[in-house]
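Asker: The lines below spell out each chain.
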Amino acid sequence: MTLQEKNNEEDSPRFRPGDLVTVRVDNPGGHFRTPTYIQGQSGRIEKLCGIFPNPESLAYGGTGLPAQPLYRVEFPQSQVWSDYGGPAKDKIYVDVYQHWLEPLST
Amino acid sequence: MTSNIGNGNDPSQAGHSGHDHAEHPGMAHDEEAGYYAVRARAMESLLVEKGICSPNEIQTMVDRIEARSPADGAKVVARAWSDPAYKSRLLNDPDGALADLGYRMPENSPKLDVVENTESIHYLVVCTLCSCYPRNLLGRPPDWYKSLAYRSRAVVDPRGVMREFGFQVPDSTEVRVLDSTADLRYLVLPRRPDGTEGMSEEQLAELITRDSMIGVSEARSPQTATAS
Chain A
0 MTLQEKNNEE DSPRFRPGDL VTVRVDNPGG HFRTPTYIQG QSGRIEKLCG
50 IFPNPESLAY GGTGLPAQPL YRVEFPQSQV WSDYGGPAKD KIYVDVYQHW
100 LEPLST
Chain B
0 MTSNIGNGND PSQAGHSGHD HAEHPGMAHD EEAGYYAVRA RAMESLLVEK
50 GICSPNEIQT MVDRIEARSP ADGAKVVARA WSDPAYKSRL LNDPDGALAD
100 LGYRMPENSP KLDVVENTES IHYLVVCTLC SCYPRNLLGR PPDWYKSLAY
150 RSRAVVDPRG VMREFGFQVP DSTEVRVLDS TADLRYLVLP RRPDGTEGMS
200 EEQLAELITR DSMIGVSEAR SPQTATAS
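If you're matching them up, the sequences are chains A and B in order.
The opening position of the first sequence corresponds to residue 0 in numbering that gives the first Met the number 0, with each subsequent residue numbered one higher.
The opening position of the second sequence corresponds to residue 0 in numbering that gives the first Met the number 0, with each subsequent residue numbered one higher.
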């Protein structure tokens, strides 16, 4: 596969470690991998995990293309759960595909 | 999951208008099978009929997972505890480090990531959406890992869940829950217990439990291991 072909088959990473993002609220129907408890939450990009075919397409026999960058996103537990009982520094990390993420609007 | 499909390519069996089990080859003699076994076999039949995979491929994957157990993960962790260079490789290039010990991850297997528990940071792994687990190294996950109770409570109250596993995490330690919902699988590298200086890798491996590699508890102390 040439580099050009590769670029047509996957979306380029839009975010870098440290970027603040918001997870979109959506219900595309069928199979998706973004847990609802994290939708609408804002977090910080921890790292790019790789670029993977989109499972929402793969699940129904599709090609999964364009492949999506997958990020590990960090959220403070006390932000996600209003009644979280542990220390404020506790965190939760969720792997989220790029098409679910938007830059945090300030 | 067992593979007992029979001839899945018989065109006369390919109708999908109804769901009479006798339609699916290999299932007619299975009156004792439970709901999930029947469902798994129906899915296998469909995958084979549609040419997505062969019975051999399914059986090969089942055999590969059945051949692995937490003892395999324990060997890897014991090596990492004993050899700082290996530990560094395991954290930075998990597939390469596993291959060093003879564990070659099959093609198309989900990417493995290894996280290290320390005095200041404690990782715990859950898959809230299903039961993602590093099966190619640790074998099948325990039933509780797949339970709705664990999957929902591990994210909301990880410290409470760990207490129920007999592990009290001090408030000075940051708890990090990893929800492996996508294409990565996580292996936790537990902390090496105190009082284990001079122990061989074989002795160390005895201290490394499945639960400590999921992160719901820590490795056993040598005292506990001797007592049990």
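Since the hints were derived computationally from the structure, they do not count as laboratory data.
Some hints could be false.
Stated by the list, open to error - Distance condition first, Cα-Cα at most 27 Å in a straight line; then the derived DSSO-like pairs of lysine-lysine: (1) K88/A to K46/A; (2) K86/B to K110/B; (3) K86/B to K46/A; (4) K145/B to K74/B; (5) K49/B to K46/A; (6) K110/B to K145/B.
What the hints assert, rightly or not - Facing chain B, according to a computed beta carbon distance under 7 Å, are these residues of chain A, among others: (7) D25; (8) F31; (9) R32; (10) P34; (11) R43; (12) K46; (13) C48; (14) E55; (15) Y59; (16) L69; (17) W80; (18) G85; (19) P86; (20) I91; (21) V93.
Heads up, the beta-carbon is just placed ideally off N, CA and C, and yes, glycines get one too.
Asker: Next, verify each hint and record whether it holds.
Answerer: Comparing the hints with the structure gives:
| no. | hint | in the structure |
| --- | --- | --- |
| 1 | K88/A to K46/A | holds, 19 Å |
| 2 | K86/B to K110/B | holds, 18 Å |
| 3 | K86/B to K46/A | holds, 20 Å |
| 4 | K145/B to K74/B | holds, 25 Å |
| 5 | K49/B to K46/A | violated, 38 Å |
| 6 | K110/B to K145/B | holds, 20 Å |
| 7 | D25 | violated, 15 Å |
| 8 | F31 | violated, 9 Å |
| 9 | R32 | holds, 5 Å |
| 10 | P34 | holds, 5 Å |
| 11 | R43 | violated, 13 Å |
| 12 | K46 | violated, 10 Å |
| 13 | C48 | holds, 6 Å |
| 14 | E55 | violated, 11 Å |
| 15 | Y59 | violated, 12 Å |
| 16 | L69 | holds, 6 Å |
| 17 | W80 | holds, 6 Å |
| 18 | G85 | holds, 5 Å |
| 19 | P86 | holds, 5 Å |
| 20 | I91 | holds, 4 Å |
| 21 | V93 | holds, 5 Å |
Hints 5, 7, 8, 11, 12, 14 and 15 from the earlier list are contradicted by this structure; the remaining hints agree with it.
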